Amino acid sequence: MLFRQAGIRHTDYAADRALFPIPADRIAIAALLALMLLAPLLFSSLAVSSYLTPWLVWVSATLGLNLIIGWAGQFHFGYAAVMGIGAYTTVHAFKAGVPWEISIVLGGLMATAIGVVFAFAALRVKGLYLALSTLALQFVVDWVISHVSAISGGVGATLQAPALRLLGQRIDSEVALYYVALAWALLVTLFMLNLRRSALGRAMVAVREKDYAAAVIGVQAFRYKLLAFATSSFIGGVSGAVLIFCFYHAVTPEQFAVNVSIELLAMVIVGGLASIIGSWFGAAFILLAPGQIHSLIAWIAAALGADIGLETLAHLPHVVYGALIIGFLLVEPMGLGKLYANLRNYLLVWPFGYARK
Amino acid sequence: MDLMYLLELAINGALSGLMYALVAMGIVLIYKSSSVPNLAQGALTMVGAYVVLAFADGAGAPMWLAIPLAMLTMMGLGMGIERVALRRLAGRPIVMILMMTLGLDIFLRAITLAVGGGTARPLNIGVSDAPLFVGPLLINRAYVVGAVVALALFGVFLLFFRTRRGVVLRAIADDYMASWAVGISVERGVALSWALSSLVATTAGVLWGSIQGVDQSLSLLLLKGITVAVLGGLDSLGGAVLAAIGLGVIEAVAAGILDPLLGGGTRDLVVAVMLILTIMIRPHGLFGRHDIERL
Numbered sequence: 001m002l003f004r005q006a007g008i009r010h011t012d013y014a015a016d017r018a019l020f021p022i023p024a025d026r027i028a029i030a031a032l033l034a035l036m037l038l039a040p041l042l043f044s045s046l047a048v049s050s051y052l053t054p055w056l057v058w059v060s061a062t063l064g065l066n067l068i069i070g071w072a073g074q075f076h077f078g079y080a081a082v083m084g085i086g087a088y089t090t091v092h093a094f095k096a097g098v099p100w101e102i103s104i105v106l107g108g109l110m111a112t113a114i115g116v117v118f119a120f121a122a123l124r125v126k127g128l129y130l131a132l133s134t135l136a137l138q139f140v141v142d143w144v145i146s147h148v149s150a151i152s153g154g155v156g157a158t159l160q161a162p163a164l165r166l167l168g169q170r171i172d173s174e175v176a177l178y179y180v181a182l183a184w185a186l187l188v189t190l191f192m193l194n195l196r197r198s199a200l201g202r203a204m205v206a207v208r209e210k211d212y213a214a215a216v217i218g219v220q221a222f223r224y225k226l227l228a229f230a231t232s233s234f235i236g237g238v239s240g241a242v243l244i245f246c247f248y249h250a251v252t253p254e255q256f257a258v259n260v261s262i263e264l265l266a267m268v269i270v271g272g273l274a275s276i277i278g279s280w281f282g283a284a285f286i287l288l289a290p291g292q293i294h295s296l297i298a299w300i301a302a303a304l305g306a307d308i309g310l311e312t313l314a315h316l317p318h319v320v321y322g323a324l325i326i327g328f329l330l331v332e333p334m335g336l337g338k339l340y341a342n343l344r345n346y347l348l349v350w351p352f353g354y355a356r357k
Numbered sequence: 001m002d003l004m005y006l007l008e009l010a011i012n013g014a015l016s017g018l019m020y021a022l023v024a025m026g027i028v029l030i031y032k033s034s035s036v037p038n039l040a041q042g043a044l045t046m047v048g049a050y051v052v053l054a055f056a057d058g059a060g061a062p063m064w065l066a067i068p069l070a071m072l073t074m075m076g077l078g079m080g081i082e083r084v085a086l087r088r089l090a091g092r093p094i095v096m097i098l099m100m101t102l103g104l105d106i107f108l109r110a111i112t113l114a115v116g117g118g119t120a121r122p123l124n125i126g127v128s129d130a131p132l133f134v135g136p137l138l139i140n141r142a143y144v145v146g147a148v149v150a151l152a153l154f155g156v157f158l159l160f161f162r163t164r165r166g167v168v169l170r171a172i173a174d175d176y177m178a179s180w181a182v183g184i185s186v187e188r189g190v191a192l193s194w195a196l197s198s199l200v201a202t203t204a205g206v207l208w209g210s211i212q213g214v215d216q217s218l219s220l221l222l223l224k225g226i227t228v229a230v231l232g233g234l235d236s237l238g239g240a241v242l243a244a245i246g247l248g249v250i251e252a253v254a255a256g257i258l259d260p261l262l263g264g265g266t267r268d269l270v271v272a273v274m275l276i277l278t279i280m281i282r283p284h285g286l287f288g289r290h291d292i293e294r295l
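So the sequence lines, in the order shown, correspond to chains F and U.
For reference, each letter of the first sequence is one residue, going 1 to 357 in our numbering.
For reference, each letter of the second sequence is one residue, going 1 to 295 in our numbering.
Just so you know, these hints were derived from the structure itself, not from any lab.
Treat the numbers as computed from the prediction; the structure is a model and nothing was measured.
In this text, a Cβ means the ideal position worked out from N, Cα and C, and glycines have one as well.
Check each hint, because a few of them may be wrong.
Stated by the list, open to error - So the derived list for chain F, only partly shown, Cβ under 7 Å to chain U, looks like this:
1. Ser133
2. Ile269
3. Glu311
4. His315
5. Ala323
6. Ile325
7. Pro333
Start from the sequences, fold in the hints, and give me the full structure.
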């Protein structure tokens with residue numbers, strides 16, 4: 001019903017391997033792209049600066065984490081630490097007078113260098129033990145960041161991030177920052193779309209499915225695990241820096257604490273492992289749903305005249321957030337991406353359901 | 001540094017370590033029977049303390065009644081969690097199970113705070129604050145009580161595993177497929193282990209709550225509990241007790257030496273580094289089974 005796939009013939013390899021081989025998909029993507037570009041005109045500036053910009057940055061970070069968990073199958077419970085390393089490096093480099101474009105790459109490279117340390121854990125153990133060791137590394141990195149005053153400026157200090165300068169232009173309007181975040185999110189998405197169909201991505205999937213089997217067919221598991229950690233750390237580091245410059249405007253260790261790592265994991269799981277569109281959905285869901293449901297409950301309580309204590313109300317978003325994680329794992333463990341795929345597959349052949357594979 | 005001071009740190013560390021063993025034993029009990037690494041154990045500890053307070057302060061029950069009532073409630077909660085959340089995830093990839101326990105952790109913590117309030121409340125179990133001197137050493141009375149309770153619980157578990165039901169649990173821990181084949185109800189065994197684990201968590205919550213007050217920080221015992229559990233070998237109760245003493249001593253002494261040098265807050269760092277070292281050097285822990293898959 002959505003569109004017909006009948007009559008779409010790929011007569012050469014280039015057309016067959018195109019990023020979006022179906023014309024209707026290309027139109028949909030173009031429409032979405034136009035919508036995202038025009039968003040500052042369509043939505044209020046509050047919506048753009050407090051919902052859309054953070055959403056885009058979290059999407060990039062979720063995609064980076066999904067690369068390591070969904071594609072390469074390695075656990076990473078310390079992704080926020082990697083983001084923090086990137087953010088602090090970028091802020092320090094930029095303050096020292098390095099151009100912004102170079103300092104953000106420096107941030108990514110520093111995150112890669114330290115993120116590879118996480119990978120050495122992956123080379124020795126896997127499964128639960130890898131999860132626990134990356135979690136412990138998160139605590140160690142947190143401690144180092146907050147206790148070394150050369151990095152954070154002392155325990156409990158906040159480091160102001162200067163307004164970013166891109167190609168010599170000072171960028172400080174909300175709309176311009178939105179476009180910076182959008183550009184980075186699109187870049188990461190494009191990378192992930194291409195990763196899926198490249199040799200690198202296929203090798204990672206082989207390692208995820210069974211590393212022995214991958215080794216048998218000539219894929220070096222060590223090498224691709226290291227590569228996966230390095231790539232996703234780079235994405236994480238740059239995303240952390242973009243998060244600081246486009247949204248928080250100041251950096252503190254708490255922004256990259258262990259609960260942020262868990263929130264990112266929740267975005268990946270709720271979105272769906274190894275699903276790109278799922279990462280977009282998952283980030284939006286975890287970021288926005290607890291707040292929205294919270295205001296809904298508050299509104300219902302007010303409408304019914306029920307008196308919910310202020311403290312109870314303050315903890316409700318976390319209740320909703322935990323319940324969402326539990327609910328998704330019970331109902332649809334493959335997340336929103338899978339739900340979307342189910343809906344799409346259903347609608348594609350709609351009146352003729354028996355034609356579904 | 002003064003040798004007496006170090007000895008004092010070590011003894012108090014060992015005692016408080018035995019109290020970490022309470023959290024660790026809960027993790028081990030569940031991991032043994034169902035291979036679920038329960039990252040919600042810290043939250044269960046916190047909920048346990050809040051339930052005791054709810055019975056004691058809210059319903060006005062005396063402490064000797066409130067604690068057993070809370071234990072019963074918590075056993076029910078543990079079995080409920082197993083039935084609703086984790087039984088359906090059996091056989092799923094470990095990332096889903098880990099995420100489920102993390103989700104439970106967030107949910108339990110938040111709902112407890114929403115109902116019980118976030119301000120720290122005292123929990124008095126009648127241990128006096130008066131200092132206890134053994135020779136020249138100053139020892140924390142509350143730690144002694146906690147350590148004795150932990151050892152007593154460990155003893156009870158040793159005896160329990162000799163009973164018929166305990167043997168069933170051991171069989172499930174050893175090989176659940178074989179247990180199934182000989183007609184053991186694995187589901188009930190796993191539910192029982194969740195109930196026992198919740199009971200241990202309540203004990204831990206009461207003891208730690210009486211020391212540091214009842215608030216959200218009780219759930220932070222998770223990091224220490226999981227470190228002790230991994231160090232002892234995730235499926236060994238005795239290992240958890242020994243590892244707890246070891247970790248307690250190392251943590252207290254290392255923090256005592258490092259804190260003045262590095263400006264405080266090194267306890268968690270020491271614990272995290274111990275966890276990493278354990279996993280890197282000996283992932284199956286001191287007494288765990290050696291069947292961890294290595295690359």
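Cross-check of the supplied hints:
1. Ser133: holds (4 Å)
2. Ile269: holds (5 Å)
3. Glu311: Holds: closest Cβ of chain U sits about 6 Å from F/Glu311, inside 7 Å.
4. His315: It holds, given that the least Cβ distance between F/His315 and chain U is near 4 Å, below 7 Å.
5. Ala323: Result: holds, 6 Å to nearest chain U Cβ.
6. Ile325: Interface hint status for F/Ile325: holds (3 Å vs cutoff 7 Å).
7. Pro333: holds (5 Å)
When each numbered hint is compared with the structure, no violation occurs for any of them.
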